[in-house]
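Heads up: the sequence lines are chains A and B, in that order. Once you know that position 437 of the first sequence is 437 in our numbering, the rest is easy, because the numbers rise by one and skip nothing. Once you know that position 34 of the second sequence is 34 in our numbering, the rest is easy, because the numbers rise by one and skip nothing.
One should not assume that every hint holds.
Claimed, not checked - The calculated DSSO-like cross-link candidates involving lysine-lysine, where the alpha carbons are at most 30 angstroms apart (straight line), are: (1) A/K204 <-> A/K262; (2) A/K679 <-> B/K70; (3) B/K59 <-> A/K679; (4) A/K372 <-> B/K59; (5) A/K579 <-> A/K262; (6) B/K26 <-> B/K59; (7) A/K579 <-> A/K314; (8) A/K76 <-> A/K63; (9) B/K35 <-> A/K370; (10) A/K314 <-> B/K70; (11) A/K370 <-> B/K59.
Note that these hints are calculated values from the structure, not bench results. Small disclaimer: the values here were computed from a predicted structure and weren't measured.
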Amino acid sequence: MVECVSKGDLSGGLALFASSIPFPRIISRTCNRPCENACKRLEAGESIQVNALERACVDLADKRPSPPRSLPRKGKRVAVVGAGLSGLTAAVDLAKKGYQVVVLEASARPGGRIHALPEQVLSRQALDADFEVLQHLGVEVRYDSPVGNAEGSCVRFDALTGDFDAVYLGPGPGSVDRLLLGLELGAEGRIRLDPVTFATSHPKVFAGGGQRQGAAAYSSITSLQDGRYAALSIDRFLQKASLTGSREQQGSYSSRLFTSTKGVEPLPAIRPADPPRGYTQAEAEEEARRCLSCQCLECVKACEYLAHYGSYPKRYVRQIYNNDCIVMGARTLNRMVNSCALCGLCEAICPEKLSMGEVVREARQSLVAKGKMPPSTHEFALRDMAFSRSEHFALVRHAPHRDSSATIFFPGCQLGASSPEHVLRVYEHLREKVDGGVGLHLGCCGAPADWAGRQDLFREALDELAGTWKRMGSPRVITACSSCYEVFKHELPGVEVESLWTLLARLGPPRPMPAAAPRALAIHDPCTTRSHGDVHDAVRRILTALGVRAEELPYSRELTTCCGYGGLQSFANPEIADKTVLRRIAESELDYVTYCAMCRDSFSAKGKRTLHVLDLLFGAAEADPASRKGPTFSQRHENRARLKTRLLRELWGEQVNGEGDPTPMPLIVSPEVQALMEKRMILLEDVERVIARAEASGEKIEDRTTGHLVASHRPVNVTYWVEYSVDASGIVIHNAYSHRMEVG
Amino acid sequence: MSQNASPPAPPDLVCARCEQPMVMAKVTVTYLGHKFPYDLLNCPGCGKVHVPEALATGKMLEVEQLLEDK
Numbered sequence: 001m002v003e004c005v006s007k008g009d010l011s012g013g014l015a016l017f018a019s020s021i022p023f024p025r026i027i028s029r030t031c032n033r034p035c036e037n038a039c040k041r042l043e044a045g046e047s048i049q050v051n052a053l054e055r056a057c058v059d060l061a062d063k064r065p066s067p068p069r070s071l072p073r074k075g076k077r078v079a080v081v082g083a084g085l086s087g088l089t090a091a092v093d094l095a096k097k098g099y100q101v102v103v104l105e106a107s108a109r110p111g112g113r114i115h116a117l118p119e120q121v122l123s124r125q126a127l128d129a130d131f132e133v134l135q136h137l138g139v140e141v142r143y144d145s146p147v148g149n150a151e152g153s154c155v156r157f158d159a160l161t162g163d164f165d166a167v168y169l170g171p172g173p174g175s176v177d178r179l180l181l182g183l184e185l186g187a188e189g190r191i192r193l194d195p196v197t198f199a200t201s202h203p204k205v206f207a208g209g210g211q212r213q214g215a216a217a218y219s220s221i222t223s224l225q226d227g228r229y230a231a232l233s234i235d236r237f238l239q240k241a242s243l244t245g246s247r248e249q250q251g252s253y254s255s256r257l258f259t260s261t262k263g264v265e266p267l268p269a270i271r272p273a274d275p276p277r278g279y280t281q282a283e284a285e286e287e288a289r290r291c292l293s294c295q296c297l298e299c300v301k302a303c304e305y306l307a308h309y310g311s312y313p314k315r316y317v318r319q320i321y322n323n324d325c326i327v328m329g330a331r332t333l334n335r336m337v338n339s340c341a342l343c344g345l346c347e348a349i350c351p352e353k354l355s356m357g358e359v360v361r362e363a364r365q366s367l368v369a370k371g372k373m374p375p376s377t378h379e380f381a382l383r384d385m386a387f388s389r390s391e392h393f394a395l396v397r398h399a400p401h402r403d404s405s406a407t408i409f410f411p412g413c414q415l416g417a418s419s420p421e422h423v424l425r426v427y428e429h430l431r432e433k434v435d436g437g438v439g440l441h442l443g444c445c446g447a448p449a450d451w452a453g454r455q456d457l458f459r460e461a462l463d464e465l466a467g468t469w470k471r472m473g474s475p476r477v478i479t480a481c482s483s484c485y486e487v488f489k490h491e492l493p494g495v496e497v498e499s500l501w502t503l504l505a506r507l508g509p510p511r512p513m514p515a516a517a518p519r520a521l522a523i524h525d526p527c528t529t530r531s532h533g534d535v536h537d538a539v540r541r542i543l544t545a546l547g548v549r550a551e552e553l554p555y556s557r558e559l560t561t562c563c564g565y566g567g568l569q570s571f572a573n574p575e576i577a578d579k580t581v582l583r584r585i586a587e588s589e590l591d592y593v594t595y596c597a598m599c600r601d602s603f604s605a606k607g608k609r610t611l612h613v614l615d616l617l618f619g620a621a622e623a624d625p626a627s628r629k630g631p632t633f634s635q636r637h638e639n640r641a642r643l644k645t646r647l648l649r650e651l652w653g654e655q656v657n658g659e660g661d662p663t664p665m666p667l668i669v670s671p672e673v674q675a676l677m678e679k680r681m682i683l684l685e686d687v688e689r690v691i692a693r694a695e696a697s698g699e700k701i702e703d704r705t706t707g708h709l710v711a712s713h714r715p716v717n718v719t720y721w722v723e724y725s726v727d728a729s730g731i732v733i734h735n736a737y738s739h740r741m742e743v744g
Numbered sequence: 001m002s003q004n005a006s007p008p009a010p011p012d013l014v015c016a017r018c019e020q021p022m023v024m025a026k027v028t029v030t031y032l033g034h035k036f037p038y039d040l041l042n043c044p045g046c047g048k049v050h051v052p053e054a055l056a057t058g059k060m061l062e063v064e065q066l067l068e069d070k
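Chain B with its partners taken away, still in its complex shape:
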């Protein structure tokens, strides 16, 4: 899954449990045995990752469907 060229400015997200602002970090997304690295906001304390709506209903959905036809 290719990385967006310029992701929109991240909203002001804070992990409620750790009370730490979320920061961009490389995470791995996996589907049907395929793995992709992706930059997403996550909590430096507990590692909770945020998946924005536009990604879930856009690129992620597209790639899920492509992989399902493999």
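The shape of chain A in the complex, shown without the other chains:
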């Protein structure tokens, strides 16, 4: 209603007000305004003058709402005793539901205690106009009809309970002792009733209004509320439904939803120029515009994922639950379930600590368990994980010339993929500075499987990690990647794990000191460090030691944001991942510095100059490492494989199988085709396999228009197609695409 008024639509405001309040004129003039004490505007000025706005709607609207309509008659009769506001509200609500209602009033007029109000507050005319609704709904009102079982009552209460299917008693606040109703009575001779259902000791009889409120000051809105709750109970009673179900939040209650008034300019209420007449339309609009339109959106404001779907977690949780329960039909929210970065920012921001990430994680596990997880969503990422766990990358060794390790370095899969040189440099530094032998463990921590809801694969990776760790003599584990750190910390509690960053902060910078670093950099904390303040501090100490002034971004440390890779967001929903990155990199003009290879590569891919802390500590091959673009998916595989080969050769003097084999004919891939393959998540090794197979079997198609060859191969779930030609310099790749459907 307030929103309608703020837009100048007083008729719309009145229609909304009248849809829930059966007597709008009365309430707009008599309400004791309990809602205004709870208004969030009180924290920044005065509460919104809701009642004055209601009155403006009633007085100034051009269009009156059409009177309410009744549902088809139900063939059941309800008697309402007392034509006060509670009784009349019960009568209107029940008549609208199709019950035949008869009101029995002891006096000669409707309204009860409302008549105690002076004419200038509430005119007789306004009363009559509001009560027209009774006639409209076919409610029969019998005046001068006192009810009771005592002498002098003109209607016997016992007869009512026999003649009618249910009875509402709203005889005002006085004692009913003398009426001999036969009901259980409580304090001061008033009817004893259930505080939620308004039921009395007689199953057919309900009561409220003054009987419930007693001698408390008269409140028209409270009487209206009593009539409404009693009518709800009567309807449920007559429908043989539960009287108590889902009524926990009946009436006003403290919501867990949170609206921040931080930064809201305090504003006093608008005072009408002529108080007895109330607001003019212009005054009403101005007052309504002060409304904060309370919404619980703190997390949505901070998260592109939550904002993307146009609603907020309370609704999302319900939608995700419904999506999970679908037996037949489309699960339209699968993509939404898979698009969250699981970064934990919503939980960190929420005053009630609601974690959408946990909801989504469970939903993903449930989709997997039911066999309903879309097969294409995570397959590529899981293949990447399998590669990192395969013989192409996985490696475990004690330090050269040692047969035990007090410590083992676990660089994770992405540092070696993005910047293999840094793995070498860090490992060298650790071997030099850390006593007791520092082993090396290349592999994957299993986080992608966890993010994909694949608990089976995750457990498998964890068991393997634990087994390797034990075989290596249970050393302290040093992780370079904060996702690996989280996995070790939470999933393998027996393992002593330390972040590379706290260790490096203690060890101090390697000698010789790298060249002078830029003066000021904006620091981005990876989202998986969220709960590790010691890591945040350590990185800042390292930067200070390097002469860097680290500027904090608006969302940093425990409120840091994701780079779009977390939770495999960029695989499930590249559009949201892009929005996540673009928002993050727009937060400061400065070059960024971070300590996660994926965060660095995500930012630099979108053109943000970003350094890795290791670029500053150990230098980089490039003259301007901040502008370095991250590797393609294919290059990531290649970098990992080469890192392993190089380590084995240089540190352990081992030759790797296949190394030194004659190189097959080189593939020539233009940057345009490379970009297309990256977008379509096709690896060079997929292309190589298609061509090797086609050339060996001769199973290929000749396109006589272009002179190109077209070949396909389906290793497991995806068919890859490659268009290529062979010339003297090698095999030129013209195009690559794929599909999951099987043909033939």
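Here the structure of chain A is known, so what remains is to put chain B in place on it, guided by the hints.
Chain B alone, transformed into the frame defined by chain A:
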């Protein structure tokens, strides 16, 4: 999966192994247990089927995604 009303003129494709021009024939495409008939170029000799890029990255992808949410 509905058939395109008028597929573009097929390129001059020849099966390299059988050295036979490829011709339109009804083939079945399958995904997650759902089967659809579709007209595609194939080799009358060995049966090798050609899936054009526009189909793989267009209609096929669309239907794959629809079926994945079933």
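Hint-by-hint comparison with the structure:
1. Distance restraint check for A/K204 and A/K262: the Cα-Cα separation of roughly 51 angstroms exceeds the 30 angstroms cut-off, and the hinted pair is therefore not satisfied.
2. Distance hint between A/K679 and B/K70 is fulfilled; the C-alpha atoms sit about 25 angstroms from each other, no more than 30 angstroms.
3. For the hint linking B/K59 to A/K679, the alpha-carbon distance of about 18 angstroms falls within 30 angstroms, and the restraint holds.
4. Simply put, A/K372 and B/K59 have alpha-carbon atoms about 22 angstroms apart, close enough for the 30 angstroms limit, and the pair holds.
5. Of the pairs offered as hints, the one joining A/K579 and A/K262 holds, with about 26 angstroms between alpha carbons and a cut-off of 30 angstroms not exceeded.
6. A distance of roughly 17 angstroms separates the Cα atoms of B/K26 and B/K59; the hinted pair therefore holds under the 30 angstroms criterion.
7. Distance hint between A/K579 and A/K314 is fulfilled; the C-alpha atoms sit about 23 angstroms from each other, no more than 30 angstroms.
8. Simply put, A/K76 and A/K63 have alpha-carbon atoms about 35 angstroms apart, too far for the 30 angstroms limit, and the pair is violated.
9. Restraint check: the Cα-Cα separation between B/K35 and A/K370 comes to about 22 angstroms, which is no more than 30 angstroms; the hinted pair holds.
10. For the suggested pair A/K314 and B/K70, the alpha carbons sit about 25 angstroms apart, so the restraint of at most 30 angstroms is met.
11. Proximity of A/K370 to B/K59 is assessed by CA-CA distance (about 27 angstroms); at most 30 angstroms being required, the pair is judged to hold.
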